[in-house]
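Participant: Heads up, the sequence shown is in my numbering, so the first residue is 18 and it goes up one at a time.
Simulated from the structure, these hints should not be mistaken for lab results.
Capping the alpha-carbon separation at 25 Å, the derived lysine to aspartate or glutamate pairs in DMTMM-like fashion look like this:
#, residue 1, residue 2
1, Lys30, Asp42
2, Lys41, Glu27
3, Lys40, Glu27
Note that the coordinates shown come from a computational prediction; the quantities given were computed from them, not determined experimentally.
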Amino acid sequence: MNRKTRLATEGVKFIITQFEIDKKDVCRIRKKCTSRKSLHPKI
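Turn these sequences into a full structure, and let the hints guide you.
Facilitator: Pasting the structure below:
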């Protein structure tokens with residue numbers, strides 16, 4: 018894997034991670050995450 022491909026992969030991973038965090042925040046705002054607190058620990 019060359020450097021450009023690796024950088025692109027890292028960028029995609031970072032975006033996905035940010036998206037996951039955003040989803041957790043939305044969940045917390047919407048449902049206050051009472052039922053899923055164990056699945057969504059606070060960072």
